[in-house]
Amino acid sequence: MIRVQNLAKIFGAKHAVDGVSFTVERGEVLGFLGPNGAGKSTTMRMITGFIPPSAGTVTVGGFDIVEHPIEARRLIGYLPENAPAYTDMTVHGFLNFAAEIRGLRGDARKQAVRRVVETCFLEPVLHQSVETLSKGYRHRTCFAQSIIHDPDVLVLDEPTDGLDPNQKHEVRQLIRRMGEKKAIIFSTHILEEVDAVCSRAIIIDRGRIVANGTPAELRQKSEWAGAVTARVGGVQNGVVKQKLSQLAMAGKVVVLEENTTGVLVRVFPKQNGGDLAPTIASLSQAEKWTLAELHTEEGRLDEVFRDITMPDTAQRGGK
Amino acid sequence: MNSWANIRTITKRELGAYFSSPLAYVFIVIFLLLCGFFTFMIGGFFERGQAALGGPFFEWHPWFYLFLVPAVGMRLWAEERRVGTIELLLTMPITAWQAIVGKFLASWLFLGLALALTFPVVITVNYLGSPDNGVILCGYIGSWLMAGAYLAISSFTSAMTRTQVVSFIVSVVICLFLILAGFPPVTRLLEGWARPLADAVASFSVITHFEGFQKGVLDSRDVIFFLSIIVFSLFTTSVILRGHRAG
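Residue numbers (this note's numbering), protein chains in the order written: chain A, 3 to 321; chain B, 1000 to 1246.
Hints were generated in silico from the structure; no laboratory data involved.
Note that the Cβ used here is the ideal one computed from N, Cα and C, for glycine as well.
Treat each hint with caution, since some may be false.
Below, a sample of chain B positions facing chain A; criterion: calculated Cβ distance under 10 Å [said to hold, decoys possible]:
| id | residue |
| --- | --- |
| 1 | Ile-1009 |
| 2 | Tyr-1017 |
| 3 | Leu-1089 |
| 4 | Ile-1093 |
| 5 | Asp-1131 |
| 6 | Pro-1184 |
| 7 | Arg-1187 |
| 8 | Ser-1219 |
| 9 | Arg-1220 |
| 10 | Val-1222 |
For lysine-lysine, the following DSSO-like pairs were computed, each having C-alpha atoms within a straight-line distance of at most 30 Å [to be verified]:
| id | chain 1 | residue 1 | chain 2 | residue 2 |
| --- | --- | --- | --- | --- |
| 11 | A | Lys-243 | A | Lys-272 |
| 12 | A | Lys-245 | A | Lys-272 |
| 13 | B | Lys-1214 | A | Lys-112 |
| 14 | A | Lys-243 | A | Lys-170 |
| 15 | A | Lys-137 | A | Lys-170 |
| 16 | B | Lys-1011 | A | Lys-137 |
Derived DEER-like restraints, expressed as beta-carbon distance ranges [what the hints assert, rightly or not]:
| id | chain 1 | residue 1 | chain 2 | residue 2 | range |
| --- | --- | --- | --- | --- | --- |
| 17 | A | Ala-110 | B | Leu-1116 | 19 to 25 Å |
| 18 | A | Glu-73 | B | Lys-1011 | 21 to 27 Å |
| 19 | A | Asp-109 | B | Val-1172 | 17 to 23 Å |
| 20 | B | Val-1238 | A | Glu-73 | 23 to 29 Å |
| 21 | B | Gly-1242 | A | Asn-38 | 47 to 53 Å |
| 22 | B | Gly-1242 | A | His-94 | 31 to 37 Å |
| 23 | A | Asn-8 | B | Val-1172 | 40 to 46 Å |
| 24 | A | Gly-21 | B | Phe-1063 | 51 to 57 Å |
| 25 | A | Asn-168 | B | Phe-1118 | 53 to 59 Å |
| 26 | A | Ala-110 | B | Asp-1218 | 46 to 52 Å |
Whole structure, please, built from the sequences with the hints as guidance.
In structure tokens form, the structure reads like this:
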């Protein structure tokens, strides 16, 4: 549905977006991650046709956003950053306006407004002026506007920003549900959201894509991925570390905790090493250690994110 | 067909926005007070003893439009940019032109309404004597066209900035220039130097082009003058808006 090719935007001397390419198909929810100022919003503004690209192309549903802006925009629902809405209108008036400008008339319009009011829980504030709304309600009002025409493509710039935890949960559920039959791009700072909602994530830094994959694939990039933490007792502490280090698959071995009852160690795998846990289990059986705890780490998104976006200052590996 | 529907939707929204805030009512009251004050006190409507509106009524319009029209037009785009709704508006399936024209039409209709509410003056003059109502109508048309020209200028100054005050000041200055170019003291001064220059400058003035309307002469050149200011200014608005987004 969305095809972005070599997209670039230059503001003066600054390359805000520098050669970004990706595609999003129907049924996909693409998480757009990156530090502040990485070019997330600029990319989204180019996809929705708000700002023209300096180079590269965007097509939405086969329509080039520059050549056929009206046809392409018809397919898009857009929630801009900070969720702007006309403050001098009521929620009802604002949604009616959004529906009308999307070409919905008469009964179709009424139905569309009723549907989004229900979906976004706007009933209590329906006849209130947008100016007097709390941030959460204003956000949902603007969100309602973006789905009023049931678009095939949704572009959401920080859809959960400024919402309380319950509202965040609701919005995530909503995005995941809609993601089943739409193509969705959303940007966020919150990494747990990626796991909760995305089928794929892109990390963008200084205008370039630095990682692209499913949340699980991204986690694989972490040094933590595949590391095994084990609590071992009934043996001299120094011996454990020595024996574990001798394993062919093991890389670094770190002692996390040491006391009279045993030792807590973390074993990092070598590159492309297989699953460490069974090996360690059979080792401890052979050595007659008591194994109180054994689990494999999944890798951490926040660490991957930090490693990728701040390569110079990131702290590598475990302590 | 479709583009008219879009323009109408935007015009409707904008008009609704005017009347949902006190701005519209405050504006109309001030406008009517000023009209009355200038017509009856300064314009000397009664002292003239003429059943006509040209002198005492319409003569002042270029001057108080100078402040009132930019006050209406300053929020057109500056507010959209400040609040960020411009990002919504311009990513809707409409062209920038439809948005510009829709917004302009809303304000122009609003000014038309304010102008129409001066109808008691017409009743008064008809009660007191028997004026030529064709001339009066012509004056109204001219006045509304002139308001449109000022408004289009405010539209483009409004697109230039996020701050309404800056927009207001810049458009007042531009409109003032359009008035002064044909203001008798200025034209007399220029005539002292070179007559063709004075004529050329005066031909840019709203005063020169509004004079005909006051006398009841509906000259196509005057109509074209105002319409071309409107079209040119709205075109400039679209260029400025595109420039912002191109970065």
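Holds or violated: are the alpha carbons of Lys-137/A and Lys-170/A at most 30 Å from each other?
Holds, because 13 Å separates the two Cα atoms, which is no more than 30 Å.
Using the Cβ atoms, figure out if Gly-1242/B sits within 31 to 37 Å of His-94/A.
Because 35 Å falls inside the window, the suggested range holds.
Does Ile-1093/B pass the interface hint, meaning its C-beta sits closer than 10 Å to a C-beta of chain A?
Given a least distance of 6 Å, the restraint on Ile-1093/B holds.
Need the status of pair Lys-1011/B, Lys-137/A: alpha-carbon distance at most 30 Å?
Distance ~27 Å between Lys-1011/B and Lys-137/A Cα, so the pair holds.
Under the criterion of a CB-CB separation shorter than 10 Å, is Arg-1187/B in contact with chain A as hinted?
violated (47 Å)
Hint status (Cβ of Asp-1131/B to nearest Cβ of chain A, threshold 10 Å):
violated (42 Å)
Pairwise beta carbon distance, Asn-168/A to Phe-1118/B, judged against the given window 53 to 59 Å:
The hinted range 53 to 59 Å holds for Asn-168/A and Phe-1118/B, with Cβ atoms some 56 Å apart.
Can you verify the interface hint for Pro-1184/B: is its Cβ closer than 10 Å to any Cβ in chain A?
Result: violated, 42 Å to nearest chain A Cβ.
Cut-off 10 Å, beta-carbon criterion: hint that Val-1222/B touches chain A
Result: violated, 32 Å to nearest chain A Cβ.
Was the hint right that Ile-1009/B lines chain A, CB cutoff 10 Å?
holds (7 Å)
Quick check on Arg-1220/B please, does its C-beta sit within 10 Å of some C-beta on chain A?
violated (37 Å)
Are Gly-1242/B and Asn-38/A spaced within 47 to 53 Å by their CB atoms?
violated (26 Å)
Hints 5, 6, 7, 8, 9, 10, 13, 14, 17, 19 and 21 from the earlier list are contradicted by this structure; the remaining hints agree with it.
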